[in-house]
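Listed below are the residues making up each chain.
Protein chains: 2
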Amino acid sequence: MKKLEELQEIISEAVTRLSFPIHPAELYEPISYILSIGGKRMRPALLLMACDLFGGNVDEALAPALAIEVFHNFTLMHDDIMDNAPLRRGRTTVHERWNKNVAILSGDVMLIEGYKLMMQVKDHLLRQILDIFNNTAVGVCEGQQIDMEFEQRNNVAINEYINMIRLKTAVVLGGALKIGALIGGAELKDADLLCDFGEHLGIAFQLQDDILDVYGDPEKFGKQVGGDIISNKKTYLLIKALELAKDHRAVELNSLLNNKQFDNVEKVRAVTDIYNSLNVRQYADTEMQEYADKAFKALDAINLPDEHKQYLRDFADGLMVREN
Amino acid sequence: MKKLEELQEIISEAVTRLSFPIHPAELYEPISYILSIGGKRMRPALLLMACDLFGGNVDEALAPALAIEVFHNFTLMHDDIMDNAPLRRGRTTVHERWNKNVAILSGDVMLIEGYKLMMQVKDHLLRQILDIFNNTAVGVCEGQQIDMEFEQRNNVAINEYINMIRLKTAVVLGGALKIGALIGGAELKDADLLCDFGEHLGIAFQLQDDILDVYGDPEKFGKQVGGDIISNKKTYLLIKALELAKDHRAVELNSLLNNKQFDNVEKVRAVTDIYNSLNVRQYADTEMQEYADKAFKALDAINLPDEHKQYLRDFADGLMVREN
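Quick note, the sequences are listed as chains A and B, same order. Reading the first sequence from the start, the letters are residues -7 to 316 in our numbering. Reading the second sequence from the start, the letters are residues -7 to 316 in our numbering.
Extracted from the complex, chain A is given alone in its bound form:
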């Protein structure tokens, strides 16, 4: 079996070989630009990994893996417009470097290019794989819409939040694994189980991200610790705290969210104190573990040799204890 790093390297190298027409330049240059910004190429690597695990030829999964990466970057290009983000991984976003119209239209073409790449599968898999891709793509759009709606709401429930991160983040992981498994020759039942594994792991991973944003080691966590608190982002921790806080704590938490006079360090400390007093970290850890357990349960049921399952377990473990 190929190592994850090896698969990521295959993708990175293939991305640099992806070529698009030269004209119209403002339509195609942003595609090469956003793809060059990089990232861990985790989604397409998972697709290759699934193919490899079921004994498939990784070369046959390369175009669909690139489709997932192109699709993912299309969502980033459009999300960055919607979020008014000036930077992505330290580089100027497309709508800032060119303009919003360029980012809209270039993103549209990326989605179509994603379909073109995804279609590079054998005929007998074409419809099945495109159905998965369609459902994945619709899910991601729904997740983004729900996430934007959350910004305007103060009564988000935990189950709504879990559904949002499932759609926005986890379905792509599940979809990538399922497509890779089918290309690798897996039975539909096993491909579905691997999809469940990826989806549950994706939810656990996002919950861990919420936890690390507050409790992570600043030396190891890639982003600014407390960033979610500063921006009032509705994470699992904040939603749980809003649900649990009563009386003076509720008043204090709402004051911290609504007043702009606090400096950031003070706000992070005060909100973290409230989180601690309400034990929200423990709730989050428990929920995260539940989804990790569901992922492992799905994995156990897959018809794969033990050493292949162990590979996936090690991968999941590596994902879940990162950087804190």
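By construction, these hints were calculated from the structure, which means they are not laboratory data. There's no promise every hint is true.
For each label pair, taking beta carbons as the anchor points, the in silico distance ranges come out as [stated by the list, open to error]:
id : chain 1 : residue 1 : chain 2 : residue 2 : range
1  : B       : N76       : A       : R89       : 16 to 22 Å
2  : B       : K(-6)     : A       : G82       : 57 to 63 Å
3  : A       : R305      : B       : R119      : 35 to 41 Å
4  : A       : G30       : B       : K(-5)     : 53 to 59 Å
DSSO-like, lysine-lysine: derived pairs with alpha carbons at most 30 Å apart [to be verified]:
id : chain 1 : residue 1 : chain 2 : residue 2
5  : A       : K301      : A       : K289
6  : B       : K108      : A       : K181
7  : A       : K226      : B       : K92
8  : B       : K108      : A       : K114
9  : A       : K238      : A       : K225
10 : A       : K181      : B       : K114
11 : B       : K114      : A       : K92
12 : B       : K181      : A       : K108
13 : A       : K301      : A       : K32
14 : A       : K181      : A       : K108
15 : B       : K215      : A       : K108
16 : B       : K92       : A       : K252
17 : B       : K92       : A       : K215
18 : A       : K108      : B       : K108
19 : B       : K32       : B       : K226
20 : A       : K92       : B       : K226
21 : B       : K215      : A       : K92
22 : A       : K259      : A       : K238
23 : A       : K32       : A       : K215
24 : A       : K114      : B       : K114
25 : A       : K238      : A       : K252
26 : B       : K252      : A       : K92
Don't be surprised by glycine CBs; every beta carbon is placed ideally from N, CA and C.
Take the given structure of chain A and dock chain B to it, following the hints.
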């Protein structure tokens, strides 16, 4: 053979039956909204027409026809953002009624829904039809990008303009006809010829639109006569006039384009006078006729009974002498 009006009616009725999920509301309501604004449903009707002409079952072409209509409305939703358009057919545009983020994301989902509908064809046609759809969709995006670039340029050549309207307007007509023909059982050669017919006719139609905007009967022309002149739109007429105007006429034309002190009536009259003095209408008529001739030449070569070809000739004639 079914009449065009009958096919348009089938589409209109089917569009009202298209249903999308209720949640998230801001993702799906704009889709139903923009589809309800209406229009002539010409593109999907052409797809059904092509299927019918080759003896196919129109019911089998209905989902792909709806795909073309959903795709077309996706392009309208995103184009309206890019053009800052407040109204479409007298109704508030999606980005005005909701906001730009809603229009971006809802449009994205429409493109995916277009693929889902387009996939409702028999297995042996799936790849071929999706390839046509992909090429059509990329072409439309390229056309929109080139059109936006033209706004910033003063040296657009006629052949660049023709290529732009081919991409932005004509390839969808060609693509719709080709897909319909294949579903109807046409040989690829005949489907390609019908595609050429549609593409050339689309170019001729757009050139006629440019002419009618200036020379149309205000009673019969749907839009404000002279609207293109008022907005300095780079139509065939303006590009040809800029190419032909020398000395004082060139100075006068550029002054009319660059100064904002002219009132609209005065500007339309003065620019039309320049067009007349340079015979640009005759150039446009000649070019339009050339593309109409190319369309009819493609039609002649198609392997179809004479009465079916006559049907298409009558359709083209009806399209080319409308409302002036």
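Okay, the hints, checked on the actual structure:
1. B:N76 with A:R89: 16 to 22 Å: holds, 21 Å
2. B:K(-6) with A:G82: 57 to 63 Å: holds, 59 Å
3. A:R305 with B:R119: 35 to 41 Å: holds, 38 Å
4. A:G30 with B:K(-5): 53 to 59 Å: Holds, since A:G30 and B:K(-5) (Cβ atoms, about 56 Å apart) stay within the stated range.
5. A:K301 with A:K289: holds, 11 Å
6. B:K108 with A:K181: Status holds; Cα separation ~23 Å.
7. A:K226 with B:K92: holds, 22 Å
8. B:K108 with A:K114: holds, 19 Å
9. A:K238 with A:K225: Judged against 30 Å, a Cα distance of about 20 Å means the pair holds.
10. A:K181 with B:K114: holds, 25 Å
11. B:K114 with A:K92: Distance ~39 Å between B:K114 and A:K92 Cα, so the pair is violated.
12. B:K181 with A:K108: holds, 23 Å
13. A:K301 with A:K32: Within the cut-off at roughly 23 Å; holds.
14. A:K181 with A:K108: holds, 27 Å
15. B:K215 with A:K108: Not satisfied, since the Cα-Cα distance of roughly 38 Å exceeds 30 Å.
16. B:K92 with A:K252: holds, 27 Å
17. B:K92 with A:K215: At roughly 29 Å apart (the allowed maximum being 30 Å), A:K215 and B:K92 satisfy the hint.
18. A:K108 with B:K108: holds, 14 Å
19. B:K32 with B:K226: Given pair B:K32, B:K226 holds - Cα atoms ~25 Å apart, limit 30 Å.
20. A:K92 with B:K226: Given that 30 Å is the threshold and the Cα spacing comes to 22 Å, the pair holds.
21. B:K215 with A:K92: Distance ~29 Å between B:K215 and A:K92 Cα, so the pair holds.
22. A:K259 with A:K238: holds, 19 Å
23. A:K32 with A:K215: OK: A:K32 and A:K215 at ~15 Å, within 30 Å.
24. A:K114 with B:K114: holds, 16 Å
25. A:K238 with A:K252: holds, 22 Å
26. B:K252 with A:K92: holds, 27 Å
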